[in-house]
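Going down the list, the sequences are from chains A and B.
Going by the working numbering, the first sequence opens with residue 1, and the numbers climb by one from there.
Going by the working numbering, the second sequence opens with residue 1, and the numbers climb by one from there.
No lab work stands behind these hints: they were computed from the structure.
Fair warning: there could be bad hints in the mix.
[Stated by the list, open to error] Facing chain B, from chain A, some residues (calculated, C-beta under 7 Å):
| # | residue |
| --- | --- |
| 1 | ILE50 |
| 2 | ALA51 |
| 3 | LEU57 |
| 4 | ASP58 |
| 5 | VAL60 |
| 6 | VAL120 |
| 7 | LEU126 |
[Unchecked claim] Covered by chain A, per the in silico footprint, the following chain B stretches (three or more residues, Cβ under 8 Å):
| # | region |
| --- | --- |
| 8 | 43 to 54 |
| 9 | 74 to 81 |
| 10 | 128 to 137 |
| 11 | 140 to 150 |
Idealized CB from N, CA, C, for every residue including glycine.
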Amino acid sequence: MTAPAVAGPRETPVANALFEFLLRLGDDRLVLGHRDSEWCGHGPILEEDIATANIALDLVGQASALLRLAGEVEGKDRDEDALAYFREAVEFRNALLVELPRGDFGFTIMRQFLFDAYSVLVWDALQHAKHEGLAGIAAKALKEDKYHLRHSSEWVLRLGDGTEESHARVQRSLDELWRFTGELFEQDGVDAAVVSSGIVLDMGAVRSRWMEMVSDVLQRATLVVPEGVPMATGGRKGRHTEHLGHMLAEMQIVARSYPGAKW
Amino acid sequence: MPSRDDLYRIVGEVKDPEVPVLSVVELGIVRDVQADGSHVTVTLTPTYSGCPAMRTIEQDIRDTLATHGITDVSVETVYSPAWTTDWIGPEAREKLRQFGIAPPGPAEQGGLITLTRRRTPVPCPFCGSSNTERRSEFGSTACKAIHFCNACRQPFDEFKPF
Numbered sequence: 001m002t003a004p005a006v007a008g009p010r011e012t013p014v015a016n017a018l019f020e021f022l023l024r025l026g027d028d029r030l031v032l033g034h035r036d037s038e039w040c041g042h043g044p045i046l047e048e049d050i051a052t053a054n055i056a057l058d059l060v061g062q063a064s065a066l067l068r069l070a071g072e073v074e075g076k077d078r079d080e081d082a083l084a085y086f087r088e089a090v091e092f093r094n095a096l097l098v099e100l101p102r103g104d105f106g107f108t109i110m111r112q113f114l115f116d117a118y119s120v121l122v123w124d125a126l127q128h129a130k131h132e133g134l135a136g137i138a139a140k141a142l143k144e145d146k147y148h149l150r151h152s153s154e155w156v157l158r159l160g161d162g163t164e165e166s167h168a169r170v171q172r173s174l175d176e177l178w179r180f181t182g183e184l185f186e187q188d189g190v191d192a193a194v195v196s197s198g199i200v201l202d203m204g205a206v207r208s209r210w211m212e213m214v215s216d217v218l219q220r221a222t223l224v225v226p227e228g229v230p231m232a233t234g235g236r237k238g239r240h241t242e243h244l245g246h247m248l249a250e251m252q253i254v255a256r257s258y259p260g261a262k263w
Numbered sequence: 001m002p003s004r005d006d007l008y009r010i011v012g013e014v015k016d017p018e019v020p021v022l023s024v025v026e027l028g029i030v031r032d033v034q035a036d037g038s039h040v041t042v043t044l045t046p047t048y049s050g051c052p053a054m055r056t057i058e059q060d061i062r063d064t065l066a067t068h069g070i071t072d073v074s075v076e077t078v079y080s081p082a083w084t085t086d087w088i089g090p091e092a093r094e095k096l097r098q099f100g101i102a103p104p105g106p107a108e109q110g111g112l113i114t115l116t117r118r119r120t121p122v123p124c125p126f127c128g129s130s131n132t133e134r135r136s137e138f139g140s141t142a143c144k145a146i147h148f149c150n151a152c153r154q155p156f157d158e159f160k161p162f
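With the rest of the complex left out, here is chain B (with noise of 0.2 Å):
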């Protein structure tokens, strides 16, 4: 049986689907890798509670272990503590930069209610300018927001701070 290192190495192959440039690992969701004898078990954390790509991660988990000879493993699900893009680090955001996703700021803790903030403006991932403008708080995955720069002129996607 590999070690739990190789075991996180052979997990970390797996990519988040919709977002490929990123490992499961590097997005912060795998949350422990045990082998007990011949069985493993992956334990994982939602981004989102309704986020659709779990399924195909917790699969692509099992067919890329299974390539390295481990079909012996469950896959469990935790909720605590909640997932947040805080644990995305530098390396992935400037992954995520560079495939033309803006990362995330710093998840807020704030209150409940957060009508009257300010939002600093995001900044572009292509031309760098601050002079950007946020048009939707929702994007193409439940993780993503949508924002136009108006100094390249060039829509983008932000993974939302959360």
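Same shape as in the complex, but just chain A (with noise of 0.2 Å):
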């Protein structure tokens, strides 16, 4: 997996900050949960083609009623289908790593396990919110993925504690993926401009707590955390790599085909 971070042909600036921290939440789980969806039929067993199926659901059901709420904060009448079917890849603000292309089983489980690890920290601190809205979504949320978490570090100890083939997977895995981990802590502007609508998120304290946590799972299962790595970014702003166009591609051609389309 070669993926540099390609920078776009235009940063959007940001309008409102509520709306672009709602769209930063909402991004990371649709697309994830696209990817996520894309075992559905080719999982390498049937119950872990189920479990990535379910896991699909939830992310991109956060994602819905982040886009909602999101719609609502923007006030220019977008819900979350035309937020999620009629942006183009410079209007999303996912994370790099949750659009890098699928894998094979082990890429996928070590990505779900680290945004996992990421999106209960997130949870546990936003469910504190002085903002209704995204409190609840957030304690909601938080129960989904901490049950997601239990799933993704289980599989991160089988295979990385597994056989040769497997740990060597999981490792170059770890590999691959770990650059694409600094962006989840970025803080700009945004963050700093949402604590006027009730929401504090220490990004510092998150990463402390997410390293310990990850680590520890990864100890366990024999792998080596990754150092010294160079971070890639640009998700935030909508500077993507080039994978996330031809997911998007996939992903909204029949609501850009049939727009309003009802089955």
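Hints are included, so try docking the two chains, each in its own frame, into the full complex.
Have a look at this one:
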């Protein structure tokens, strides 16, 4: 997997910080949910096919709630479907980590694990937000993502401390994915601006808890955390890898070909 | 306009399409039913964020109210407090068991990561044996996990404690 973070043609400016903040949360889950859904019918065993599809459903459901709220905040009459299906790649605010192609099962599990650990910590903080709509979604999503994290951590253990082949594959996945983890903890003016909406998210604290949690599982799985890796960035500002556009083409084509279709 | 109790009873005629022995009221997802003049507002909370049955349930509620002559209906969704299987009452649990689904144990509170937790075996809904093992954390619907009974050699669903 070689996926250099190619700069997009333009950056879209931050108009409304809360809208941006909700897009970041929603787009992470929409894009990862879609990547996970690609396993439907292709899982290595039936149970994992079902598990990945279930996780995808939860994530897309969370994205739906977050994007609906984002649309309300924006106030331009865009609902969750308009935001999911009728934005271009440069308007997406997901981290690069979640848009990378699904790879093999080990890659999918490792990415899911790195994201789940991050996600439960973010929700754990946001469930106390003084923003009623977001706090409600966070408390609900926290329960779901804890369940996902249990599943992904157990698989990291099983694969890392498994056969020579499974160990080599997940170690390679970890090495490839690590440079996409730094972006998850970036903070900018958007995070500072949403404090006035009652949302305080201390990414420094999330990062140190994440490192502790992730290192513990990886160590037990006999895996080695990469060191001194330069971190990729850009997703939060709409600068994505080439992979997102291809994924969106597939995800959006039906909605764009038949706008307003119901079935 | 029927009373609030009557409205609850009418909404309670709607079954969960994925677990048809339970009504949506028994499942604990109906938060409120309010009448304001001829307008009825039903407030629901989702089991799981992505539960695909939610839209069907919403439509079923509208259809059922309509058969009682109530057509001016809005259905609202709330997330907080988050739904938990602890809201499923003892009678409903027994219905689940008789239907072949092991009812949920107490929902976990616990830490953020529960890697080392030893799980208590889930009793088999068919023969009652505790000689069972979990086969998958996820099942045919978002709310179920798959287990296997070593005593009666049957796979069975568990309603996940959540």
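Would you check chain A against the region 74 to 81 of chain B, counting CB to CB pairs closer than 8 Å, and say if three or more residues qualify? holds (count 4)
Status of the LEU57/A interface restraint (C-beta, 7 Å, chain B): This hint holds: LEU57/A lies near chain B, its Cβ roughly 4 Å from the closest one there, short of 7 Å.
Can the hint on ASP58/A be confirmed by a CB-to-CB distance to chain B that is less than 7 Å? At about 5 Å, which falls below the 7 Å cut-off, the nearest Cβ of chain B leaves the hint on ASP58/A intact, so it holds.
Status of the hint placing ILE50/A at chain B (closest C-beta pair under 7 Å): holds, 5 Å
Please count how many residues of the region 140 to 150 of chain B have a CB within 8 Å of a CB from chain A and say whether that reaches 3. Per the Cβ count (3), the hint holds.
Can you tell me if the region 43 to 54 of chain B counts as covered by chain A, using C-beta to C-beta distances under 8 Å and a minimum of three residues? holds (count 6)
Would you settle whether the hint for VAL120/A is holds or violated, based on the nearest Cβ-Cβ distance to chain B being less than 7 Å? holds, 5 Å
Under 7 Å, Cβ to Cβ, is where ALA51/A needs to be relative to chain B, so tell me if that hint holds or is violated. holds, 4 Å
Does LEU126/A pass the interface check with chain B, least Cβ-Cβ distance below 7 Å? Status violated, d = 12 Å.
Quick one: see if chain A covers the region 128 to 137 of chain B, three-plus residues with Cβ-Cβ under 8 Å. holds (count 3)
Under 7 Å is the threshold here; is the Cβ of VAL60/A close enough to any Cβ of chain B for the hint to stand? holds, 5 Å
The structure does not agree with numbered hint 7 stated previously, though it agrees with all others.
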